[in-house]
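Going line by line, the protein sequences match chains A and B. Position one of the first sequence corresponds to residue 167 (our numbering), numbered consecutively onward. Position one of the second sequence corresponds to residue 1212 (our numbering), numbered consecutively onward.
No wet-lab data here; the hints were simulated from the structure. Heads up, some of the hints might be wrong.
[As the list claims (entries may be wrong)] Result set (DSBU-like, lysine-lysine): computed pairs, CA atoms no more than 35 angstroms apart in a straight line:
(1) B/1364 <-> A/489
(2) A/469 <-> B/1483
(3) B/1483 <-> B/1364
(4) A/420 <-> A/489
(5) B/1387 <-> B/1483
(6) B/1483 <-> A/489
(7) A/420 <-> B/1387
(8) A/469 <-> A/486
(9) A/469 <-> A/459
(10) A/469 <-> A/489
(11) A/486 <-> A/459
(12) B/1483 <-> B/1449
(13) A/469 <-> B/1364
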Amino acid sequence: MEIVCRQEDFAFAVRTVSHALGGRTPMPVLGGIRVHGATQQLEFTATDLERAITCRVPAQVKSGGTWVLPGGVLTPLVGRLPGSEQVQLVEKDGRVRLTCGPAWFELPTMAADEFPDTATPGPQPLCRFATPTLLECIGQTAFAALRPSETTRLALTGVDIVLKDGSAKFAATNGYRLAIKRVPVEGLPLGYEGTLLVDAGVLNDLHRVLSGLEAAEVQVFSDGRQAHFLAGSVLFSCRLIQEQFPDFERVIPKDNDVGLYLPREEFLEALRRMEITAAEESGAVTLEVPASKDQLEVSSDSKDRGAGHEVLPLAKAAPKPIKIAFKAEYLIDALRRMGSSQVALWLAASDRAGLIEPAGEIASGDEGFLYVCMPVRLL
Amino acid sequence: MERWILHVDMDAFYAAVEQLDHPELRGQPVVVGGLGPRGVVATASYEARRFGIYSAMPMAKARRLCPQAAFLAPRFHRYEEVSHQVQGILRSYSPTLEPVSLDEAFVDLSGNPEPEAHAWAIHRRIPEETGLSCSVGLAPNKLLAKLASDSAKPGGLRILRPEEVDGFLSPLAVDKLWGVGPQTARKLQARGVRTVADLRQAGLGLLSSWLGPHFGSELWQVAHGQDDSPVVPSPEPKSFSQERTFDDDLHDPETVREELRNLAQEVAERLKAEGYLARTVRIKARYANFSTHTRQLRLPLPTDDGAVLSEAAWALFQRLGQPAEFGIRLLGVGADVTRATFRPLPLFAGPGQPTRPTSADP
């Protein structure tokens, strides 16, 4: 194979697919990037079997073929190539010579026939997202899932994407808090109902990949075992978790009657301060609306780290006094991913779940976001 | 205030409990330890020690030295029971009790108007009430109390009054001291230091140049009988675990699941009883071929819920990739723990959400 390609395109493709490199897997070939050239186009692919990314860029393909080049070399290389319009790649004696301006490199190749086939989507997308919307959905939910090291239940390491009634609902939970984001989707067949349970770590990778793209829209495909996200020339594929996500709708509090309207930034900063003096084991902060009902006292107290106390104004007097403790980190996790100037924290009792939603002038990125958090009981 | 620390050491504890429970073994050599091909001696009775058997010796060697001895697997439940009984006696003299192991404990008797009389009473009551012999040392600090009880072994009581300390320490061989192993002992011997008196003679400067400033000054303090470490009542446990060795290897996955559930339940009960929460869950499985596998996971939030621990234990077992059919001789469930100063409330009632694993599951 012999090809010439714009350096910018070449670097873009390598960088994009590198998010799926399977360097730590027992199959060495998964540490490689497959480069396939045909009909004035190069197709780059990397996969760790969990996810696969394919990226197509235009190129002059003088003679077609397939190579697998070491990802661990190509990825840093494309960031340091000298300024030159084009790169040229030519195969010679089992190695690939990459020439860029005054520099050349000879790269070892790996066995192309050992590179696993990656699935391709069917002809018809299930639905379409505006790219910024999908980014918000992932950004505001994936963090709430369990990390694989924390669980034996695969379901909770995933983000459940429920497609129904012309909307998509993303939900993730670690069993103590739950993040939900509901957005409209385009093109969902009438009457369609289905879910895609995707690993949260994989979705974070998708987020990284999409953030580097200009495509305005992402098409979603699925065959029930795999999901594919197609954005312009980039295809991101991943396996679906074949487990049942817990019924999260039933744990969303419906009758929390104590609404606390708080300035989001100030609340967030106060929590970050109180987290420092929170007890190490629980990381808990106490929220208390005193008898006067016009303010919120945020405090923390610990044996070894001292204590802290801060008063925040309430935009609207609370209907009744209340005292409840949360793991500070869980509240911070949600508040820092929101953009609205105000939030409403809905409480019922000290041992019942709290609910956070954007309030006041709701930022467009916060539309459809809901966060449920269980308190901790301090003994 | 004058400090008075008491050290109690149960004599050949595991072996003595076996002789207590099995009268036919009294006066006979008894060796308690792992009976498998890789087992080591945990405790040898005084009768067995005469044959040169000592703790940590490979069991196979012990069998060669004294084939006629009774070789027994340890019954930790029973030893714990007796240990609690001894601790109960000690606690009636002072609440400041530091158990070092099942067979050893320090008691702080400072402020007690009659420390010596109480030491004698403890030394009398333990054999009376448990049927087991113990050695007791009473001294102004932990270091000396332990040396005193060592010198009284087996079955004796040694009281070291402050004015007797120098005379007691001086003739002691250096290898009797805390922190002096065979290597340090050789090093010191090469420089003509054999007894504690020699150590003192050498002085802080020489000791530091021989052994480094840290260990040198530590040893100098020890040689002068100085130790201000406090008796720490029941040190904060870092982890709880339960293990069970089966008489017949397990082969059936359902039985394994049941046993893991029982072990997890036992850990959970101890967590609740002592006011702790589990931060991690780990399992241990030893197979018929003696290969031992462990797996662990960190829980998102600490818990004392037996169902959560049991579910995690079973899932971890499946993750071992070592089927029960290989034959399992030992199972264990453990957890790193933290004080239960709080209780996280779960979002979903009960941990056992229905899951439907399919063939796509790795």
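Structure-based check of each hint:
Proposed proximity of residue 1364 of chain B and residue 489 of chain A is contradicted: the alpha carbons are some 59 angstroms apart, above 35 angstroms. Between residue 469 of chain A and residue 1483 of chain B the CA atoms are separated by roughly 22 angstroms; this keeps the pair inside 35 angstroms, and the hint holds. About 38 angstroms separates the Cα atoms of residue 1483 of chain B and residue 1364 of chain B, which puts this hinted pair outside 35 angstroms; it is violated. Of the pairs offered as hints, the one joining residue 420 of chain A and residue 489 of chain A holds, with about 19 angstroms between alpha carbons and a cut-off of 35 angstroms not exceeded.
Annotation: proposed proximity of residue 1387 of chain B to residue 1483 of chain B is violated, straight-line Cα distance about 41 angstroms (limit 35 angstroms). Proximity of residue 1483 of chain B to residue 489 of chain A is assessed by CA-CA distance (about 26 angstroms); at most 35 angstroms being required, the pair is judged to hold. Distance hint between residue 420 of chain A and residue 1387 of chain B is unfulfilled; the C-alpha atoms sit about 70 angstroms from each other, more than 35 angstroms. Pair hint residue 469 of chain A plus residue 486 of chain A holds up; C-alpha atoms about 30 angstroms apart against a cutoff of 35 angstroms.
Taking the CA atoms of residue 469 of chain A and residue 459 of chain A, the gap is near 29 angstroms; set against the 35 angstroms cutoff, the hint holds. Using a Cα cut-off of 35 angstroms, the hinted pair residue 469 of chain A and residue 489 of chain A holds, with the two alpha carbons roughly 21 angstroms apart. Our distance criterion of 35 angstroms between C-alpha atoms is met by residue 486 of chain A and residue 459 of chain A, whose separation comes to about 6 angstroms. At roughly 15 angstroms between alpha-carbon atoms, residue 1483 of chain B and residue 1449 of chain B fall within 35 angstroms of each other, so this suggested pair holds.
With a C-alpha separation of about 42 angstroms, the suggested pairing of residue 469 of chain A with residue 1364 of chain B is violated against the 35 angstroms cut-off.
The structure fails hints 1, 3, 5, 7 and 13 (numbered hints given earlier, in ascending order).
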